[in-house]
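Take a look at the letters that make up each chain.
Number of protein chains: 2
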Amino acid sequence: MGIVVSELRQTPVSEQELEIVERKGLGHPDHICDAVMNEVSISLSREYIKRYGIVMHHNIDKALLAAGAVRRNFGGGEVKRPMLMVFGDRATYEVDGDPVPIDEIAVSTAKKWFKKNLRFVDPERHVRYQVELARGSEALRDIFSRKGKFYGANDTSAAVGYSPLTDTERIVLHTERYINSPSFKKEFPETGEDVKIMGSREGGDLNLTIAMAFVDRLIENENQYFQRKAEVVEDVTRFVKSSSMV
Amino acid sequence: MGIVVSELRQTPVSEQELEIVERKGLGHPDHICDAVMNEVSISLSREYIKRYGIVMHHNIDKALLAAGAVRRNFGGGEVKRPMLMVFGDRATYEVDGDPVPIDEIAVSTAKKWFKKNLRFVDPERHVRYQVELARGSEALRDIFSRKGKFYGANDTSAAVGYSPLTDTERIVLHTERYINSPSFKKEFPETGEDVKIMGSREGGDLNLTIAMAFVDRLIENENQYFQRKAEVVEDVTRFVKSSSMV
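Protein chains in written order, with my numbering: chain L, 1 to 246; chain C, 1 to 246.
Some clues are possibly wrong.
No copy is singled out in the list; a pair is fine if it fits within one copy or between any two copies.
[Stated by the list, open to error] In silico BS3-like links for lysine-lysine, alpha-carbon gap of 30 Å or less: (1) K196 - K50; (2) K185 - K80; (3) K229 - K186.
Calculated directly from the structure, the hints in this document are not laboratory data. Computed from a prediction, not measured in an experiment: that's the story for all the values here.
Same shape as in the complex, but just chain L:
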């Protein structure tokens, strides 16, 4: 088991002339897919451990969230077609003849996630669920029960990590967390959770582009929209410039 430590020799990103950082927020489809599938993997692992004492092989990391259709309207629109969440990849559906309710676990975990994280998404009415998980490869099903020197692994993977964050990264991350925080949502309940922030730094100048939809039910007309938008910009600008950020 070889561990190799090498010295990193490069111009720190914060000292480079150009830096671009993107953060997809809580309600962004890509984040929803990753977060839900992560929760499904945790729920499933707990169920496997409860039943068999070990985690059985599964690769729960592929999902697709397809957009629905809505009719928007100041004061309140209508969801005309719910979103569709498709669960892909593989799990162990059966252990020695004992079936594991994979599909039920996946769907109920997703519903819990929506309920907990997105104020305006009704997990029953606004999302359809389609479980397309397949049985795990037979050659890998026993991977966690093999005896050996090391723990079993689901997959061969190379992971990359780094620390600390640059100022740009920290500002982008904290700004997303701030505009999706309970206190901000209390102040600006009409701002949705589907947020994307791009931070673009050239030298010492930082530009933040924030995409954040407003919920039509809570906006009565165009004037109010632009007024609230200006208030959001003012509030977020104050936050970004506040000492807590630097």
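Following the hints, position chain C against chain L.
Relative to the frame of chain L, chain C by itself:
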């Protein structure tokens, strides 16, 4: 329109002690999704240009390929449940009342791709198709027809590229191309296209791990499997060591 050029100052990857490179081959589900969606985007753009003179807004880059189910058998198994290809994201379905046959274009493009690239996948019998593309965001639909100094863009994106490849990258890439080449498939027709190669270099030692399934129809028994596998290993080893690689 600012262009910033900075000098790269870091230890070249090829001189670092550890290097890990992975390549997913032609028949890997991730590659299939990317390749098919790329083709769909091209087909669709051509259709838009033919009809309207410009490309209409679309984001065709999300797909999910869910595994089917098979019964394997030396000499020939059976596909018990076809794969499922789900097309997600957005396209412009209608221009000034004129409907564009997005779903048909997506499915027929995918079928063509399977037919052209995977010898043993029958696009009619082995794959189901589910188009979940939604209408594009209204605010973005006219993005290519806006007048301005610059061309319109579908999205805000940061792209990263580099050159040249390291030796490890080149060996991994060329090995995948080799084992998925027509000449190799003629010599070893029983090797499938769903290939994954991991190259792991420690100092001057390179380890290649190749995952490549055999097609059961073309293997008669266990002995033949191991014999052919040994021949594949010998052939690939010869290729990797050949002067053409370095």
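- Message: Checking each numbered hint in turn, tell me which of them this model violates, lowest number first.
- Response: Violated hint: only 1; rest satisfied.
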